[in-house]
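> Chains as they are written, first to last, in the numbering used here: chain E, 1 to 264; chain R, 265 to 776; chain P, 777 to 1191.
It is worth saying that the hints were derived from the structure and are not from the lab.
Don't take each hint at face value.
Examples of chain P residues lying across from chain E (beta carbon under 7 Å, computed) [claimed, not checked]:
1) 939
2) 1186
3) 1190
4) 1191
Here's a subset of chain P near chain R, in silico, CB distances under 8 Å, partners left out [said to hold, decoys possible]:
5) 882
6) 968
7) 1094
8) 1096
9) 1118
10) 1119
11) 1123
12) 1125
13) 1126
14) 1160
No experiment lies behind these values; they were computed from the predicted model shown.
Ideal Cβ placement from N, Cα and C applies to all residues, glycine included.
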Amino acid sequence: MITAGLDIGSTTSKAVLLDGDRLLGAAVVPNAALPSASARLVFDAVLDGSGVARGAVGAVATTGYGRRLAGFGDFVITEIKACALGAVRVGSPRGPIRTVLDLGGQDTKVVAIGESGGVEDFAMNDKCAAGTGRFLEMLARKLDLPLEAFIAAALRSRNPIHMNATCAVFAESEVVSLLARNIDKEDIAAAAHQAIADRIGAMVRRVGQQEVIAFVGGGALNRALAAMVEESLNKKVHIPESPQTLVALGAAIAAGGRAAEAAL
Amino acid sequence: MDFLNASTPVVTDALRPLESVLFLLGLALTLAGCRRLHSHVWRRAIPAGFTLLFYALYRVAQHAPAAGPWLYRLESPLLPPLLLLVLPALFLPRTRAYRLFLACPALVLAAFAGHVAARLLRLPPDAPFAGLPAAPGMLALGVTAALVLAQPFLGLTAFRRVVRVTLFAVLLFGGYLLRQNAADYAAMLARRSVARNDIVSFSETTPVLRDSERLAYLPAAPCRFSADGGYVQGCVMELLQRLLQLDFRKIAAGSVEETALFAMALAAIVSLGALLFIGGRLWCGWACPLSTAGAALDRIRVWLHLPPLKPSAALKRAAAGSGVSLGAFGLLLAAAYPRLDADGRFLGCKIPLYPFCKICPGQQVCPVAAGGPGAYPPLPGREWMGGFFLVASIALGLFFAAAFAAARGLFCRFCPMGLIGGLFNRGGLVALRKNPLRCNGCGVCREVCPMDIPGVAAERVRTDVSRSDCVLCLECVARCPQQGCLSLDIAGRTVARSERPAAVNRTERSAR
Amino acid sequence: MNRQPTNPYALRPAFSDNPGNRRKQAFVEADQRRRLDEIPQRPADIPYFVERLVNAAAAPKRRPRIGLLCNVAPVEIVMAAGADPVRLDCGNSAAAVAGEEMLAGDVCPLAKATIGVFMREDGLPATCDAFIVPATCDAKRKLGEILADYGPVFQFALPVDKDTVRHSAEAAAELRHLAAFAGKVTGRAPTRKALRAAIALTNHRSDIVHRLQEARIAHPGALSIRDLFVCIQASLFSPEPLETWVAHAENLVHAVKAFTAERRNLRRRVVLTGAPIIWPNFKVLNVLEECGALVAADTLCSGAQACIDPVVLAETSLDACFRALAARSVFGALCPCFSSQATRLSRVLDLVEKTRADGVVQYALRLCQPFDIENYRLERVLKERRIPFLNLRTDYSLEDTEQLRVRIEAFLETV
Chain E
1 MITAGLDIGS TTSKAVLLDG DRLLGAAVVP NAALPSASAR LVFDAVLDGS GVARGAVGAV
61 ATTGYGRRLA GFGDFVITEI KACALGAVRV GSPRGPIRTV LDLGGQDTKV VAIGESGGVE
121 DFAMNDKCAA GTGRFLEMLA RKLDLPLEAF IAAALRSRNP IHMNATCAVF AESEVVSLLA
181 RNIDKEDIAA AAHQAIADRI GAMVRRVGQQ EVIAFVGGGA LNRALAAMVE ESLNKKVHIP
241 ESPQTLVALG AAIAAGGRAA EAAL
Chain R
265 MDFLNASTPV VTDALRPLES VLFLLGLALT LAGCRRLHSH VWRRAIPAGF TLLFYALYRV
325 AQHAPAAGPW LYRLESPLLP PLLLLVLPAL FLPRTRAYRL FLACPALVLA AFAGHVAARL
385 LRLPPDAPFA GLPAAPGMLA LGVTAALVLA QPFLGLTAFR RVVRVTLFAV LLFGGYLLRQ
445 NAADYAAMLA RRSVARNDIV SFSETTPVLR DSERLAYLPA APCRFSADGG YVQGCVMELL
505 QRLLQLDFRK IAAGSVEETA LFAMALAAIV SLGALLFIGG RLWCGWACPL STAGAALDRI
565 RVWLHLPPLK PSAALKRAAA GSGVSLGAFG LLLAAAYPRL DADGRFLGCK IPLYPFCKIC
625 PGQQVCPVAA GGPGAYPPLP GREWMGGFFL VASIALGLFF AAAFAAARGL FCRFCPMGLI
685 GGLFNRGGLV ALRKNPLRCN GCGVCREVCP MDIPGVAAER VRTDVSRSDC VLCLECVARC
745 PQQGCLSLDI AGRTVARSER PAAVNRTERS AR
Chain P
777 MNRQPTNPYA LRPAFSDNPG NRRKQAFVEA DQRRRLDEIP QRPADIPYFV ERLVNAAAAP
837 KRRPRIGLLC NVAPVEIVMA AGADPVRLDC GNSAAAVAGE EMLAGDVCPL AKATIGVFMR
897 EDGLPATCDA FIVPATCDAK RKLGEILADY GPVFQFALPV DKDTVRHSAE AAAELRHLAA
957 FAGKVTGRAP TRKALRAAIA LTNHRSDIVH RLQEARIAHP GALSIRDLFV CIQASLFSPE
1017 PLETWVAHAE NLVHAVKAFT AERRNLRRRV VLTGAPIIWP NFKVLNVLEE CGALVAADTL
1077 CSGAQACIDP VVLAETSLDA CFRALAARSV FGALCPCFSS QATRLSRVLD LVEKTRADGV
1137 VQYALRLCQP FDIENYRLER VLKERRIPFL NLRTDYSLED TEQLRVRIEA FLETV
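Bound conformation, chain E alone (with noise of 0.2 Å):
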């Protein structure tokens, strides 16, 4: 049976179509101004992309802080089980993945896997922005770089220093003055990726950082970031093919498995 997962996160929302155990098709898409309205989006999306028909689609589970707010679906699951699911499936090449961080727009989970795949513990930071993606977003507008420059700037930076904010509102005011002290750009970019990494490597800690530890999200995408992360946890990290579509093929994955329940 087809089954879609929709993940209608924050800043992005990702689609994923799938039949079994084939990856049917994958799509992002920029949030619209409503949930429901970026559902659409990128269900259409990934429908036109991969060929299939609306009526083909057996189940659909929508997944992220707009789970409720689809219009639409069959069922909705949290985006922890479906990371977890999606962790499971996708696995990596040293073996299964124990621990996964998802790095998103407004928020950042760390889910750790038991060894039967389900879900042994967890935590999440969506109360301040600080750890997540929108805290780079910020700072890069403050030195008035787009993002990939931002990011780029980061990994050319031979001079690292330290910022001491950990709060998003300090840490604007706090590169302000740095390049006041006319410091780098690419020195306070690597700061701030630092200043990040540090703080996903105690939460990532204090869950627990089994092996294999699997960096998914929006914010995977950053290797200067993931290139931290890893020298923070002292250990390398996976990044997957399609790491912004993970918890979107953990929701379809978990439709099937619902519509297969509901069929007994």
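Got chain E; can you put chains R and P on it based on the hints?
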């Protein structure tokens, strides 16, 4: 049941001890204990040892008839029916099937009532115990049946009160239970009146044991100073003194009388030891007449709305220490008895028979409790060991009264019999158990404990909270407000358990 | 006899005149009432309890009234002195904002909300003649001095651990002082008979709550946890006489016992532990029940644990009454203000066993240090025993309701 017949095949020979009720009891307890594997292995080994001991003793008796008779005297035809009443009452779960069982004590009680009626209506003068309203055996059965019937209707505290009062009456007044017939009883009374009260002669305290014609009844362990001479075997201290007062030189020389006395004392100690193994300090909390008499003093304090004294750890240690030292001293003096010279002196000091009994408060309390203030015995004169016995007697008597009037179980910390019994609390069949998950640390168990034991409340890890100073009064079990937190286990089976105060009405009533 | 030194730095009691905040407080309560109304299948007596709890401030004052700030102070002593006891802890998030005028930011929200309600001239504390503030935690200890500006305050110490050998005498002595204080306030010192009568009444309440808990353990769907809390808090947080509460609560018990589940209940059962959840701060309970969890039992001092333990009176003396009250109220408390949390852990494990719960949810009030630090051990012990555990660190404000929902949903999906 002729044990002296030696011409039997080997197998039936080996199985003869099955005729012994005490052996069967030990076997049953061993099997019961083995089923409950959460008990410490030591507790399971005790009944096994008990069984083996009785087996061995019976085999000895079979093959050495001369040493045998005293062993058989431990048996009583009353034991099987009593056990059939008491053991199910202890161990059967209180389901609807229990009401079926209650038919047994009801029948026994009816039979007892009929028996009493028959005796009152139609009394042949030559019948055994003609002067008494009930044959002793029937009386024992009737009382037990009544208690078993009453138990389901009474809370634990109330039931204990009933049992204590009943046993107080039985132990202090029921001495005649163990006389063969009324003539024998009257003869004993006659002898008593000429005996000197400060030394009761040895033969007067001879237990009536079984031989081919006379039947013995339950071994009992009251104080030997019950007024009507109803004494069979004394408390542990009395028996130990008796053993020590024997002249082993005479026994070695083959004196028949001395050997017979030795055999009797040994028999009594074995049976008392068995009781202690089975019940630990249950005797203290449920049967001891001193404790029941003291409880009467305690009730005066309660009636006056006065709080009890909580003894400090030092005071508790001092009480136990004095108990040990005075008890040991008394036994030492008893051991000197065979070496008394013609004057009754040893090393210049005049030592009485049963020296510990001389100072024990039981000597003052039991006669008064049975016979009223007029029966108060004369105190020992100043000539006994330079006045030591007089002073100690008065001091301990006052201590008894003060301790029970003000400090609940403080005297029980002193009592040497209790101290010996306490050794069996942790090694015997009785265990006080706790489910630490249910405990919230409120300390009510310590508040209600007459011995002021803090260990039960403080225990958070282990399930066995038996203590050697615990008198197994079960007040903590009765009062703990957490369902199933504390319980009493006998041979691994739970006999009583803490319940939440059942109905509001009862709580309101108890609050008045 | 019990003369407290007069404070040379006493201030005039502060009152607030913020109409916007008052509206917000009223809105918070009304919102919670609306959510209660959405609970399906409520027994017939519930409206009485809701009214009694919500209109506590408007209850007519027939006798002297003494306010209490914790479960550890035994209400029996107040009742025996001829006063009406009423708990003044507040759970209104808007009141916490009002309280921030006096208590700066990083302080326990319960303390802030309580101060916030003290600052209302039409609030319940304004009708009280005296206050009893046990020094359980740091916040309450210092709050006592602030509240002394509003009226006579009696503070008493709690032992540091549950060692009854060391501390039972002290605890009983503190309650004696408490009784003397209450007697001075009302002019009628508690007598032995009055104490025993009060104890009989609260034991009746304890019996009712026990029966309610047993009925809910058998059928958690018979009564919503929010209704249970409303019922219990209606007796604690309202100064109206306890006798009327008892009469209605007996009816409630019968109704709950008569409940038969229509079909086998497949919803997840959880045991709730943690900081007090006080009306109208039912945010976590709302989310738990809306996500489909059944809270089968709790260890909260504002829930069943508040009055489920009876006072065990084995002796008749006045001293015995105080000792028994100390045993029930002080040593029987599962509060993290004691140095060892073993008894709370035991109770959680015991309840998990009894209710066959699927997991444990802890309501950890943000900025409550004792609960925060106890979480270290609770988490690991539950993990050792493979009991799923969710720790919710949140304060009074309703802004993080959705964040809580995600966590609770994820937890329920995984147990």
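> Quick check on the hint: residue 1119 of chain P CB to chain R CB, less than 8 Å?
Given a least distance of 5 Å, the restraint on residue 1119 of chain P holds.
> Would the stated hint for residue 968 of chain P survive a check requiring a Cβ distance to chain R of less than 8 Å?
7 Å, holds
> Holds or violated: residue 1118 of chain P as interface residue toward chain R, Cβ cutoff 8 Å?
5 Å, holds
> Regarding the hint that residue 1160 of chain P lies at the interface with chain R, is the smallest CB-CB distance below 8 Å?
The hint is violated - residue 1160 of chain P has no Cβ within 8 Å of chain R, the shortest such distance being about 15 Å.
> Does residue 939 of chain P hold up as a contact with chain E if the rule is Cβ-Cβ below 7 Å?
This hint is violated: residue 939 of chain P lies away from chain E, its Cβ roughly 34 Å from the closest one there, beyond 7 Å.
> Double-check residue 1096 of chain P for me: the hint is only fine if its C-beta lies closer than 8 Å to a C-beta in chain R.
Constraint on residue 1096 of chain P satisfied, holds at 6 Å.
> Is the shortest C-beta separation between residue 1123 of chain P and chain R less than 8 Å?
It holds, given that the least Cβ distance between residue 1123 of chain P and chain R is near 6 Å, below 8 Å.
> Hint check: is the beta carbon of residue 1126 of chain P less than 8 Å from a beta carbon of chain R?
Because about 4 Å separates residue 1126 of chain P from the closest Cβ in chain R, which is inside the 8 Å limit, the hint holds.
> Hint check: is the beta carbon of residue 1190 of chain P less than 7 Å from a beta carbon of chain E?
Interface hint status for residue 1190 of chain P: holds (4 Å vs cutoff 7 Å).
> Can we keep the residue 1186 of chain P interface hint, with Cβ of chain E closer than 7 Å?
4 Å, holds
> Given residue 1094 of chain P as an interface hint, is its Cβ closer than 8 Å to any Cβ of chain R?
7 Å, holds
> Against chain R, is residue 882 of chain P within 8 Å by beta-carbon distance?
With a minimum Cβ separation of about 32 Å from chain R (threshold 8 Å), the hint on residue 882 of chain P is violated.
Hint violations for this structure: numbers 1, 4, 5, 14, all remaining hints satisfied.
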